[in-house]
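Protein sequence lines, in the order shown, are assigned to chains U and Y.
Letter by letter, the first sequence follows residues 48 to 172 of the numbering used here.
Letter by letter, the second sequence follows residues 1019 to 2125 of the numbering used here.
Wrong hints could be hidden among the right ones.
In the SDA-like style, the derived pairs of lysine to any residue whose C-alpha atoms are separated by at most 20 angstroms in a straight line are [what the hints assert, rightly or not]:
1. U:K83 <-> Y:R1677
2. U:K83 <-> Y:A1034
3. Y:K1040 <-> U:L132
4. U:K83 <-> Y:Y1264
5. U:K83 <-> Y:A1592
6. U:K83 <-> Y:V1731
7. Y:K1040 <-> U:T136
8. Y:K1040 <-> U:A124
9. U:K83 <-> Y:K1433
Simulated from the structure, these hints should not be mistaken for lab results.
Quick caveat, the model's predicted, so the values are computed rather than measured.
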Amino acid sequence: MTHEFEIGTSEGTMTNLSALATPVTAPRSGYLPYAKTVRLGDGSARGLGAPIAQWDFPLITLEERDMLKTFCSGASAAVYIRTKLNDDTYANFSAIMHWPEEEERWLAGVKQSLSIRFTMLEALA
Amino acid sequence: MIGGVATAGEQTKLRANEQWSKGYVSGLEMPDIVLQARINQTFTSLDRVGEITFDTVTAGSYLDVLPEMTVWIGTSAGACDVGIARVRKAGSSTVLFIGETSELALADNQYITVLDEFLPWPIHMHVDGSVYADYDVGYGDQHEDFEPVPVMGADVVAVLDPINDKRVLYSDPSIVYTGSWTAAPPDHKYSNTTGNYCVFTFTGDRVKFFTDTWPNRGIINIYLDNVLVDQFNGYTSIGVDNVEAYDSGTLTFDEHTLKIEVSGEKDDLSAGYYVVVRAFEYHSPVALEYTATVDRDASNSWVFDGTITDYAWSAPGAASTSGLTSATPSFTYDTAGTYHIFCTVTADNGKIKKGVRTIYVVGTPVPCRWRNAQVDLSDGGASFEVELYTDVDQVTVRDCARCILWTEDWYGGVKGSIGVEEGNEHILMGGWVAGDTIQVDVDGGSVRFSVKGANWWMNKMDGFAPVLNLATNTPSRWDEITSLTVDRGVWHMLAVRSNITTIMDVRLTGDTNLVKKLESSAGSLWDVVSNFADRIFAIPFVDGLGRFWLKVDPQMVPEADRSAWPTVMTLTSADLQNDWDIKRVTAKDTSQIDLSGITCDNSGREKSYYALSYGHIPGREGGGMQADKFAVSGQAQLNQLAGLLDGWRNNEFPDIELRLPTNFRVMDLVPHQYVALDVAAEENPRGVALDFNLIPRGLRFSYDEEAGCIETVLEAEAETFELNSCNGDIPGIDEDLSEPPSSPPPTEPPLPPGTDAGLRPKKVLIKDRTRGLLYTENGDAEDPADIQWQFVNGGLDTDHKQDITDILVTSYGKIYLGYRSVFSPVYDELWAAASIGGIFTKLIDAEWIRASVGGLVSETPHLAAIGINTLASDQIAFYAGVVRGLPGYLDGYLFVGNSSGFAAGGTNMLDINSNNNTGFLSFGAGKWSLTATRRSIFSQPSLWNFDMGGSQSGARIDYDTYAGASTKHRRVGSSGTFYLIYGKLWKVDSNGGSFTLMNDAAYGNPGEFYRIWHIDFDPTGRYMMAADSGGLGHLSSDYGSTWSSLGGTLPLGISTFGWALYSSQRWCAAGGAVWFSENLGTSWVDMSGNLLYICPLPNIDFIKVIE
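All chains should be built: construct the whole structure from the sequences, respecting the hints.
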């Protein structure tokens, strides 16, 4: 099944993960429309903060990892992504890409469970 | 919404999900260097240095050095290890003028760096024989004709916006024409030669072409990247300019060409083959250029006692400007950097003031971590902490660097900020880096520091313990201020003793209560301003944007004056997080408020008032509170303030802390504004309905870095209202008095042996026709220019100041005022004050008279004459009655008594004419003598005498047989002699026993063509001075037999004379001024002192020497 996950350093250069110089397998993704909720005085709740997306790669090769790392050479970087929403549709966002502070150990060139978090998602028109 | 009620759309945003923000700072960069040079002098003293000679200019020019710029002095180039100073005025090619300083260890060859930076600075007074402001600014008229205050808005952070669309006109060099094309400026080029063409080259993803249509236009061939893509028929029967002829739609983003060619074809109806090129437009997904527009509004600029007439802006470095001579200019910038805008405002008094603000044009924002951002009314302003990781050279984070915290904000996922100043909605708050808080984390690669608002810096500046005085004459010194109020005192501190009004917006209370003196021994500039403000329950505050406000505490503003305050928003439980912190106080804090207040008039006369709230009986709970010396307009305002303070002190909800899960930047703490609270009892842990307005006291903003959102804590208290109050007690007096005790009676002894007859009278009372009574107690001042006159009209409104017809001063100092009117007798009244300067109260009026003589409602009461018994300590008499019959008689009595009560004499008089019956009454030789017109169709004058009890004594004397004798009379002391004046001058002895014509001039007055207007005598009656209706003065030394003119020694415009006690030689005269003569009018000394200042163009028609 084809997917629409894309990443780029600008809106115009977003590329499907499978079309990157080193293709990357599709992640399992999550999407939160706001970063946290607070309980209000009348019992209702308000969602605060920017949307958050997370791409989880249960198994990822070193080459794939390095490909993704080119978009985030430091701890975080401003990127553009296309990711899946909770209704299984896709949308484009500008976002801050956060590289995990600690990475799993490598086993036979394969890393288990690399999670990349995107915050401050701003929907692109 | 800008500083008002949040719109429905804004309230929806504030209640929306998906709120987040990104934080940035601006302003930390090193300012540009305006001048770099070296000191070229040695210093014999480092004390009170106000200028520095320099040479070796290595950068910049002295011509660019502006007042208030920052000066660094260092031992190496660009350093400030010696210290910093401010430029106080423009210098020369060799001299830099700095604010006077003693703290710098200056030395020859040290390095000077003048920075394009404007910091808050104190300015102290330079005392060198005379007193100067800012080293060498002498006092001129600065405290009478005030400088205006430019209100230009806050410093601005303007983010460059990308421009993706661009229009290229026909004449742009990027359009290459081939063949013969004719230019038709300013609109277009045209050609009708087949095959002629032009090519426009651009890099973008869309292009449009614009032409004209006209009856002689041909068909245009349009080529995109050399491929014919369209043809456009330019023919129309009626010409149309600027028609879109082609739109490429979306192209690949790349370099393209669009070629426009004359086809040589045309519509059958067209008269020609012309092709017109007007413009091309193209779009690029990559910004073509950047721009930021800054709109400012200085229409709130102000000046005391005047208005702003002109605005003149300048904006060095702006790409374009507009409206530079209006209040609302616009500036456009296309390059990131730090710029300044200047606005010179001109007041209608001709004074000017230049303000400066900084524009931070941002290309690449500097992100930051921030925390503890708060504004607090009690602290006086804003503060926050910043941590930077990248993008700023940490070495340049320096003490006093400007730092503005701003955010990009999203509400409901939609980008856009909500704030309180248009154009600055994205600014959270700003200030200057507090150098002692800078911490560099080398390992972590970060730098942390605190930023403090101007209030904090003003709290670090010396306030110089000022003493400011109300000017009771034209101010001539820096410590005298015309119509001194708290506002004017604060202005002085911010405009004269600091440069605050140059670099910040300043808005004051508008309170107009005069104060005689403002002084503060407190240390800092902020303390001084706060101490001044305490006199009117005001508080100084610098808001997050850096604008100074002085506002009366909202709880101390009368409820009637709160109606214009906006209710920014009504908060319900759905707006609040469910962790409440609402303090409720049911036991009262204060049982009684005991206030004292002081009024002051322009002459510097003060009066104390006292007020209690609730009243004389303290409340059941709480303790007493006493506060003194508030500047008030009178008893009523002080009582109101006491009630308001009592309400505030006993606030049921004095401390409310609400957590708002929103980026709540829709309000500020000033100007006055509400947030309403509407929470049902069952929705809060207090179990009481919370349905009232909140007075905001503080705002705290926190940033959840994980979520990226700002949350707000609103600190507030419930609005309170005025409670019961009453007049307070004068300390040491058991009874409730509304006026001070009477002054002791003035002494009137003979001139003591050895006393200088030339000594001017000390205490003199005068009356201006329109402004009422004035009084001096230092008429004997060594320098007559120092004589201080002051108004003594307490209790009188405008009408009662200008309609006084009689002034009677008893030997014990009590003063009575009569109001008599031939035309409106219904307004006839008698007022009294316990002493000169006391509060006048009304003793009798029309109703009193009607009731006292048994008059009917339909009968008009009238007060016909008032007189005083100068031999008694406190006795006056007046004749009053009601008008009856036609042509009318006045049916009434002579009443005798004093302010404690009056008794009617035993004679009910019926023979006074009611139509022309302003009579004259005096006491002498044991009789009250009334001269008035009797009841007859000819209104002839008559004389009635009364005994001391007010009963008629003897028969009426009809003296109209004496030609020219009027009813107007004036008695010689308490003798039986008085003079009939106005027409001819008749002397009347023995209270009517004989009449002697003393002067028989054709028109009655002594030897002149005018009538006698006023006359006064020495106690013997031998010497007299008279003022005629032409304003000339006359003297007689022989009981009025012969007269000489005083015109040679007195100016014109004399209205009245008064004997000046002790010697027949001593006289006072008044009219357009006040004079004194020690030699029977041979020479005169001007005693006007400050009179012309507090009472311009006086018209004095009464003078009495008291002592």
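> Can you name, in rising order, the numbers of the hints this structure does not satisfy?
Replying inline: Violated hints: 3, 4 and 7; rest satisfied.
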